[in-house]
Amino acid sequence: MKLTNRAVNINRDPMTFGEKIYIPAIAKGLSITVGHIFKKKATVQYPEEKRPFSPVFRGLHVLNRDEEGRERCTACGLCALACPAEAITMEAAERKAGEEKLYREEKYAAKYEINMLRCIFCGLCEEACPKDAVYLSETVMPTNYTRSSFIYKKDDLLIPHPHKQESK
Amino acid sequence: MSEQQHIQLAEESLAKQSTTLNLGPTHPATHGVFQNIMEIDGERVLSTEPTIGYIHRAFEKIAERRPYYQVTPLTDRLNYCSAPINNMGWHMTIEKLIGIQTPKRVDYMRVIIMELARIADHLICNSVVAVDTGALTGFTYVFQWRELIYEIYEEVCGSRLTTNIGRVGGFERNFTQVAWEKINKFMDGFPKVMREFEALLNRNRIFMERCIDAGPISAERALNYSFTGPNLRAAGVDYDVRVAQPYSSYQDFDFKIPVGTTGDVYDRYMVRNDEIWESYKIIEQALQKIAALEKEDPAQKHVFYAPESDKYHLPPKEDVYTKMEALIYHFKMIMGEIAVPAGEVYHGVEGANGEVGYYLISDGGRTPYRLHFRRPCFIYYQAYPEIVAGGLLSDAIITLSSLNVIAGELDA
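Chains as they are written, first to last, in my numbering: chain A, 1 to 168; chain B, 1 to 412.
Do not take every clue at face value.
As the list claims (entries may be wrong) - Derived pair list, reagent style BS3-like, types lysine-lysine, alpha-carbon separation capped at 25 Å:
id, chain 1, residue 1, chain 2, residue 2
1, B, K104, B, K301
2, A, K131, B, K332
3, A, K39, B, K185
4, A, K131, B, K185
5, A, K40, B, K104
6, B, K317, A, K107
7, A, K50, B, K185
8, A, K131, B, K311
9, A, K39, B, K323
10, B, K301, B, K289
11, B, K281, B, K192
12, A, K154, A, K107
13, B, K317, A, K154
14, B, K192, A, K41
15, A, K131, B, K323
16, B, K185, A, K41
17, A, K28, B, K192
18, A, K2, B, K323
19, B, K192, A, K40
20, B, K104, B, K289
21, A, K107, B, K332
22, B, K323, A, K107
23, A, K2, B, K256
These aren't lab readings, by the way, just hints derived from the structure by calculation.
Sequences and hints are given; from them, build the entire structure.
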């Protein structure tokens, strides 16, 4: 049936004598495979050697701190709302006097959990965050043995404190 | 000593001369969760009863509770071998509903990504047909280049398989310099690899004799089943959504539609093979067209979403951090409180496997009122018993892989 004038037939010619005797085909196939022995290896030796990821790679979640080491998250709940897998739960709390060095905004996440078993790494939480607090890093998620260990708490997600790291 | 037990078989079971064979659901040769209860007489397939629903995830129902932008990750998981086509098809459906005209550069960028996805999908399908006929080598060679395609996705959207690429009105970010470099690297190196793959299989006697006249379907039967895509074209009907109802500026491109004659495994293989070359040509043209656009107006370099889609496209992050208005809009959009007109819209795109369609009914709310995915694999699988009946069991295996039935697309 012809609907357009763009159709071209595929090559379905009957086999020629050369193709039927098959010996040239064996030689051709072997020459290709032998040629590949001397080519550069396509694989990387994974645990020792790692493939570079793109800077926008959507890997394991990280909760960000600002330059002074305060938590950026203000517990607005947009990431939890944007999550199509409903993997994020959070509880907000109000910052008390004296906690200004811990939290950047007046409201902060007292509890922040990401269920990595539900997470589909779509990156919508990163896109939804208006405070640059949650983002997906360039590492892949580590495996583990128990289900409960996949529920990442705030301590698992927060990046290390910049000043505390320096003092070490 | 216990008494000897006799297995009590039913009378008709003893009288039956054929064997019942359970192929699947986790058979290594079915490439996915497909169960076929086959009635075989020796090596010959008498009848097949396919079962569906092994990975049914109720996406259409889930979508009724999700804001529009959250449906995109669901479409990833339909045909996961070419997820970007599904993503773009969904974005275009919403664009059709709200009436956004995307700029030419966005269209061409989409075309590049979609054609790369088509190449990746066809590479998988063709090399898997080869694997099922006993030739594992070609598979390993072309997969390095599928890997490069996945790296290109990774540069653009950050993920490899379940891409969630693009947004309503365009892309989430402009292509980086690295992404363009990787696309150019692909364009430079791919023809050589593809020719090598062709040299291994296309005119190989074993492969040809194995595939020719295996699992044929006539054009009439294929149309009756409402086949689309490469499987219909292999049967001899030159129907291609890209030509019949052009979307994303496909009318600007010059490409051919490879068609077969008998609709057997070899025709399907060759149609996909030639389509890879056509897709390659389309990408080549798209790159030229983008270069021409940028030469004409250097400001075009920064166009990656439709300006009139501002209402639907998230504001830039710098504005969200600093400007109150952008922040309010950002909140509104993430909460799904954007106005989408009520209406009914169907949009079909030429997926790697056939026409992927989105039938969307909106009542003006924050979520789709009803959404149906037209999934080509669901249709192919219904024709599967008819195609394989009377053939050999080994032909049934390569028929399934050459129809390219993807489990994720079979059950939405």
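Item to complete: Run the structure past the numbered hints and jot down the numbers of the failing ones, going up.
Response: Numbers 4, 5, 9, 18, in rising order.
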